[in-house]
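Given these sequences and hints, build the entire structure.
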Amino acid sequence: MEPVIILGTESEGVSVVDVGGLHGSAPDRALVQVSANGLRATRWVVEYPDFRGLVKYFTDLERRWRGWSGTKTWISLEGDLAFTATHSGSHVDFSVSVESPLAWKVQVELSIGAGEDLSAARAEVARLFER
742 MEPVIILGTE
752 SEGVSVVDVG
762 GLHGSAPDRA
772 LVQVSANGLR
782 ATRWVVEYPD
792 FRGLVKYFTD
802 LERRWRGWSG
812 TKTWISLEGD
822 LAFTATHSGS
832 HVDFSVSVES
842 PLAWKVQVEL
852 SIGAGEDLSA
862 ARAEVARLFE
872 R
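Everything in the sequence shown is counted per the numbering used here, starting at 742 for the first residue and increasing by one.
In short, the hints are calculated from the structure, not lab data.
As the structure is a prediction and not an experimental result, all values here were calculated from the model.
Among the clues, some could well be false.
[To be verified] List of simulated lysine-lysine pairs, DSS-like, C-alpha gap at most 30 Å:
id	residue 1	residue 2
1	K846	K797
2	K846	K813
3	K813	K797
[Said to hold, decoys possible] Quick list of simulated restraints, FRET-style, between CB atoms:
id	residue 1	residue 2	range
4	Y789	A844	18 to 26 Å
5	S831	R781	36 to 44 Å
6	R807	E871	36 to 44 Å
7	S810	L843	16 to 24 Å
8	P842	R805	17 to 25 Å
9	L780	S810	13 to 21 Å
10	S810	L772	29 to 37 Å
Note that the Cβ used here is the ideal one computed from N, Cα and C, for glycine as well.
Following this line, the structure appears as structure tokens:
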């Protein structure tokens, strides 16, 4: 599988490098890569029963593209992947962290357009995780 960029770029962003699951079912694990400033961290993230919650998270953000107050957060089952989003006018600012508990944690800050860029991110997440 070719890496799928969800946010940002391959060198400064969040990508999914691989997905896995039972044959014919929605993926329940993803190899997530977070890159920034020359650092690249990769981790298998498991979500039971699947990543529908992440798809709903991005769908909700897209639906509210004109803005919301406060932060909107999605955290994986084991807490090793987290997305936090705030709306700042014409952009959505993300803080994304991936970690290996008790070993390391990498966090990146990314900003994307609240319109087409956010729609593209939602589409990629849906393409990867909906079946």
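Tested hints:
| no. | hint | result |
| --- | --- | --- |
| 1 | K846 to K797 | holds (25 Å) |
| 2 | K846 to K813 | holds (20 Å) |
| 3 | K813 to K797 | holds (12 Å) |
| 4 | Y789 to A844: 18 to 26 Å | holds (22 Å) |
| 5 | S831 to R781: 36 to 44 Å | violated (29 Å) |
| 6 | R807 to E871: 36 to 44 Å | violated (25 Å) |
| 7 | S810 to L843: 16 to 24 Å | violated (35 Å) |
| 8 | P842 to R805: 17 to 25 Å | violated (31 Å) |
| 9 | L780 to S810: 13 to 21 Å | violated (32 Å) |
| 10 | S810 to L772: 29 to 37 Å | holds (34 Å) |
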